[in-house]
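Take the two lone chains and join them into the complex the hints point to.
These protein sequence lines are chains R and P, in that order. If you're matching positions, the first sequence starts at 286 in my numbering and goes up one per residue. If you're matching positions, the second sequence starts at 45 in my numbering and goes up one per residue.
In short, the hints are calculated from the structure, not lab data. Mixed in with the good hints there might be a few duds.
Far from chain R, by Cβ distances over 10 angstroms, these chain P residues were calculated [what the hints assert, rightly or not]:
hint	residue
1	D79
2	K85
3	K112
Distance ranges between label pairs, derived from CB positions [said to hold, decoys possible]:
hint	chain 1	residue 1	chain 2	residue 2	range
4	R	A784	P	R155	34 to 40 angstroms
5	R	E829	P	T58	17 to 23 angstroms
6	P	R155	R	Q824	14 to 20 angstroms
7	P	R155	R	Y827	16 to 22 angstroms
8	R	N777	P	R155	45 to 51 angstroms
9	R	T889	P	T58	39 to 45 angstroms
Coverage of chain R stretches by chain P, computed from C-beta distances (three or more under 8 angstroms per stretch; other residues unrestricted) [to be verified]:
hint	region
10	768 to 775
11	802 to 815
Note that beta-carbon positions come from the ideal geometry of N, C-alpha and C, so glycine has one too.
Here's the letter readout for the chains.
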Amino acid sequence: MTKSHTESKPSPTFWLIQVLVVGLTAVLVIAVTLVAQKFLWNYTVADVSHDRLDALDRDAFLIESRLRGRANDIFFLKSVAEEELAHNPNGPPVSENLRSAISSMMLARSQYDKIFLLDLQGHEILRYNWKEGERPVEEALVNELKDKSDRPYFHETLSAPAGAAVFSSLDLSSESHKPVVRVGGQIVGPDGKPKALLVLNYFGDLLLRELIQDKNQPRQNMLLNSDGVWLLGPDATLDWSLVFPEKKGSNLKEENPALWNKITSRKSGWFYEEGNLYCFKNIDPTGSVADYPPLRMPLKGGEHLHWTMLVKVPEAVVWDNVRDIRTGIWAIGALVGVVLVPLVWFGLFSIQRRKIAEDHLKTSAERLSLATQVSKMGIWDWNVRTGLITWDEKMYEIYGISKGQPVNYETWKNAVVPQDLSEAEAILQRVIAEKTQDSAEFRITCPDGSLRHIQAAEGAILDRTGQVVRVVGVNLDITKRKEMELDLHEKNIELQHAAQAKNSFLANMSHELRTPLNGIIGFSELLVDGLPGDVNAEQKEYLEDILASSQHLLQLINDVLDLAKVEAGKVELHPETFSLREAIAQVCSVAHPLVQKKKIELITTFASGLDDVTLDEQKLKQVLYNLLSNAVKFTEEHGRIEIMIALHGANHFILAVRDTGIGIKPENIKRLFKEFEQLDEGTTRRYQGTGLGLALTRKIVEMQGGSIKVESEFGQGSTFTVTLPLIMVEEVVS
Amino acid sequence: MSAARILIVDDNPTNQKLVSKLLKFAGHEVFNAVDAETAQKIILSSSFDLILMDIALPDMDGLTLTRKLKADEKTRNIPIVALSAFAMKGDDQEAFLAGCSGYITKPINTRTFPQQVLEYLIQRDQPNIEGPP
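Isolated chain P, as found in the complex (with noise of 0.2 angstroms):
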């Protein structure tokens, strides 16, 4: 598994740049939305290996956007990452029931974050292993 395109959904700039950065350092094409009607519109005009999602977000939140992108044919097998800096208990069963394969909380670990986004791409490889129903 080498370069993947991933679209990373984040309002704040800062964590926005970070993110690139390392994924950018790791290899891989890095796109960039920072709200959800944004997002939308760049899922639909391309394809992307993985999505890295915030969960507070202007307007529309980010689990409601991954319900919406699991409710859509065309859309639904691109596998979503939650990315959020809620470490309360049950945010991450939350993000797991609308439909994210995975939950990396912030502040993330730079040294390891990237095998993290790795192995999500490889599940992603090996559908229908794990998953929410």
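Next comes chain R alone, as it looks inside the complex (with noise of 0.2 angstroms):
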């Protein structure tokens, strides 16, 4: 059995699952890589956020402590100046130790712009000021001295509690142009009255340094007073925009009030915002320092140092920390993909492969099942190497052996018939050293003594070495076929037999019919003829209907020799030319006396322009009576028979008798032309015949390559049209 393609191909549904599946795989592989990239994120961002984070927490500790130090600054000046006017409470409160101890702060700090002296009006008595340099602290001339008394921090220090450290907002400074916090304080006399205002001008980017100490474009940390104007903004042109009057409106309370919302909402936190990270801190540096324990003094100025401290991360930067491990991610997830995605594909191609050849070998198996069922074919299979033979259930059904019984060589070489097992043991033979196929025959014996004819076919396993390991067979139970071709082939005989009965009795039959009539005819003519003497009239009309009567036996004889010759096909055809006219014209007048007898007409119509033929004469003629004399059979006395003549086409002629008889009933004109059949028993009785005359003209006009037909109604009459080729065309008689 040859495996068919069709089956072996995968269907669409085959195609589909693998795509599908396939399909599903890399949606997965993609998915987890996407989740765990989500993982990674959310953990980076908390990550960098705590970082930033603690990093806001360290630089608000640092501001914090700063503006102590600076606390501390001004009370140490203080108490320089108020201990001096302890000592002279009506003089200046100026003196060389104040001056002395303000020169030494600004060079051991290196952190104040300037530190001066206002008289309660406002003017400056004494100031120094910070030159980078040789000398860098630098008294200013009696005549630098400045009129500060427009200066907020002049008002808030002079209203200011006695010993309350007053911090200005954060800005710049006038003369030098660089962000400075102002620090005051009153020198309070002994009088509890105060003299003196003292004022530190301390650098903002000190005070702000790691938060300037950002180098990153755009910047990242970022500082906004409580307004939400920027001090320190995404960029340096924003820096200080609450003194310079050409940076207005860079104030993010306007700008963005969602965010400005946000991120002052609550005092720290983060969030994660249109591709940026925000980090925040809401600080107020001078509260925190007011609570510090070794302060001893009041701190003034909070309300304007609460600041918001900003960090804004881009992602690309926030995914930078772990740049690394993203790009490994996408790695491990791509390459999971290539190595998994075609894995699923062969692998389910494999799986649905076998799928489909256990479908086929199930299948087959079936098939295989049911033919062998219906088949009655039993399958055996000979391990060459073991000697171990294994039957199907049919083989033992074929055999007559109970099922299950072990069986092996010995088994079946008892069953085959003695006759039969050599021939049957060599193509087995020949079937191993050949390692081929081949077919036999054999009879078994059945255990119940039941004779049954098998047909084998079996075929040499190899195995991979080219060794025959096994032969498997099946044998097929053809009794039933064989008894029937058998019986076939005795019927056969037999109809031979009979057949060449048939022929030996018809001639000898002949023979023995023929042989009393030589004697009645030969003698009835002797009578009539007068050879041994004059016979009366009367005498001579008997002699005359023994005549007819052995003359028509005569007929009988040789319609049924001719009969079986024609049906033998041993009638030989000989084809002449002669005239039409003159053969039918002889055929009259041999059937002139019956003609005459009855008193009948007949009129021959012949017509023109067809005379020679080219038939066989004798039989024409034979043709020709055989009708005429049926005619004048069935026609009453006066009654007319009509041969007509004519040409039928080019090549054929019709040659019809017509009478005026007792006619054919419909149903019996399929009869007509059949052996042995008259139309009915009475009919027979009258007008004798053995049934033979047409079915005989019937096969001799057809021998000829002629038709007959007949057409009649039943007492008027019948027309038998035979046509007939001008030519005879040679035909091979079956």
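What follows is the structure, encoded as structure tokens:
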């Protein structure tokens, strides 16, 4: 059995499943990778935020501690000035001790732009400036002293409680144009009244050192005051917006109120928005300084020093922290995808292929099972190496052995009829020796004694080295077929014998019937002819009757013989060219006595342009004579018979015989040309005949390539029409 | 050609009688034999112008007898005409092969029979014109 090509081809469903599963695998790999990315992102964002928030805490702490340090500084200078006043209550607030304390503080700290004293009207009475160079601390000349009564810090400090340190808002120093924080304090005399105001200009960039050191572009560390104005903006151009009129409008509170609300609603925190990570911390350095336990004076100015520290980290920067891990995840995802997808593809493919193969195997097994069941075919399998033989159920059935009984080579050998064994074994040996396939037929005897005919086929099965390992074969029980064949053969021989017997019977019968007729006819003729002497008229008439009857009998014998010959294909035609007109005239003259006897009118119509034909003349005469004698036979006295001959087409002619006889019933017309058929028993009795005439006539006509038909109306008469070729075409009579 | 000596070999007495009568009426001298053995004796004892031979005879059949006569120097020149009720195709062929000069089927036509016989007698007078090889 060959494997069908279409069966082994995967179905569209196969490919659909294949593509779906592989697609799902790919999607799964991508999804897992994306989820891993998301986890990594969440982790990274949190990590980065915590780092940044820690940094903000540290920065805030540094700012607070620096401000605390300034409070300590002003406390120290104040205490120097106030001690001088205690010794000399009416002296000026400026003493040599104060000068030396201020200048040494400026030198020691290097953090002050200037330190100055104002009188209660806001005039500078002493000022030290910081200059980079050999002598960084320089006392301003008297004419350089300015009136600062219009400055907010002057009023703030003057109106503050006596012991307070006043922190001004962060802005640019008018002289150096550097950001500064002003720390002010009152110098109080022994009478408890302020004598002068002390102000330190502290460098803002020192205060905000860590924030300012941010060299990122755009800047990540930013600082806003409580009005949302940039102190340190996203880039340097927005810095100190509050003191530069041209930077007006660079106010986050106005530009992005939502963001502003978010970062001011809590003390600190972080969130991710629109591609950026925001970390923020709201600080109140002066407030926290005020609570600082070691300080011995209250601080003032907190309302100006509410700041918001804001860190803005772009997404890319966040990712930079984990760039390698991120690349790694993508790489792993891609690698898994590249490896897994083809693996799944081929895995699934082989699973499906195996499934299809299993289905085919199952289908084949079912087919084989059905085939063997239906065909009564047994299968055996002989392991040549171990000698083990396996039979299927059908084999046991065929051999008439109960199922499951162990079988071996001897089992089979003993079952085979001895006369058939050597040939069957020889074929089996040949199959093994030549590693081929062959078939055999043999008979077996079953345990119940019945004989069975087996048709067997067997083939050698080879291992990889080409050695015969097994022989597998089938046994088909063909007993019934064999019996039928034998039966048919016998019947055929019988039939041949019967045919021979029929022929020899016909020959003998003809001989045996003709022999007495020879005497009857011969002596009757002798008497009629008066050879032995005259007979009287009555005797002569009776002798004529004997002769007529004898002639009829002879005709019957001849018809039977002729029909037998035609049927046996033994009639030979001898076509020759002759005059149709003359042949018909001869037949008419032969039939004349019969016609005359019944006083029948016989008319012959012969179409012009038709005379010579090439046919078997004797057979044609026989046909016409048969039709004519039939017509006479079935036509009453004084009836009429017409013979018509005419051309029919270019190559044929018709010969019709019409009578006014009894006619034929429609239901009888079909039977008319069959052997031994006469219309009915009554007819047979009245109009003698074997019933062979028309059958013979038809056969003779057909042999010559013609046809015959009849038209009849019961009680009115019949017309027999024969169509024949003008020139006979030799036909092979089978 | 006038009277001829004719031997009729036929086991059927009626047919024997009919043919004898007809030939006698025609003026021939007629002899009879009912089987092959008798026929052989008569043939050897006398001379004949023609033998009319029935084919179905008891013991030896007519064709065997014909072959014997044709094989014998002394008798091979006597024309033999088969006279048989065997009318099947090929029966005549067999007779010609056996050595018969003619074949007349039974029942005979008494009106033409004498003429047929006469024709075979004439043939005998013109030997080697026709006959089996």
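Quick rundown of the hints versus the structure:
Here D79 (chain P) stays apart from chain R, with its beta-carbon at least about 16 angstroms from theirs, past the 10 angstroms limit. The non-interface label for K85 (chain P) is consistent with chain R: the shortest C-beta to C-beta separation is roughly 25 angstroms, beyond 10 angstroms. Chain R leaves K112 (chain P) outside its interface by the beta-carbon criterion, the shortest separation being 22 angstroms against a cut-off of 10 angstroms. Against the hinted window of 34 to 40 angstroms, the Cβ-Cβ separation of A784 (chain R) and R155 (chain P) comes to about 39 angstroms, which satisfies the hint.
For the pair E829 (chain R) and T58 (chain P), the beta carbons lie near 20 angstroms from each other, so the given range of 17 to 23 angstroms is met. For R155 (chain P) paired with Q824 (chain R), a C-beta distance near 19 angstroms keeps the hint of 14 to 20 angstroms intact. Range check, R155 (chain P) to Y827 (chain R): Cβ separation about 19 angstroms, and the 16 to 22 angstroms hint holds. At about 49 angstroms, the CB distance of N777 (chain R) to R155 (chain P) agrees with the hint of 45 to 51 angstroms.
Checked against the given bound of 39 to 45 angstroms, the beta carbons of T889 (chain R) and T58 (chain P), roughly 42 angstroms apart, stay inside it. With 0 residues bearing a CB less than 8 angstroms from a CB of chain P, the region 768 to 775 of chain R misses the requirement of three and the coverage assertion fails. Residues of the region 802 to 815 of chain R lying with their CB closer than 8 angstroms to a CB of chain P number 10, which satisfies the three-residue condition for coverage.
Checked against the numbered hints given earlier, the structure breaks only hint 10 and satisfies all the rest.
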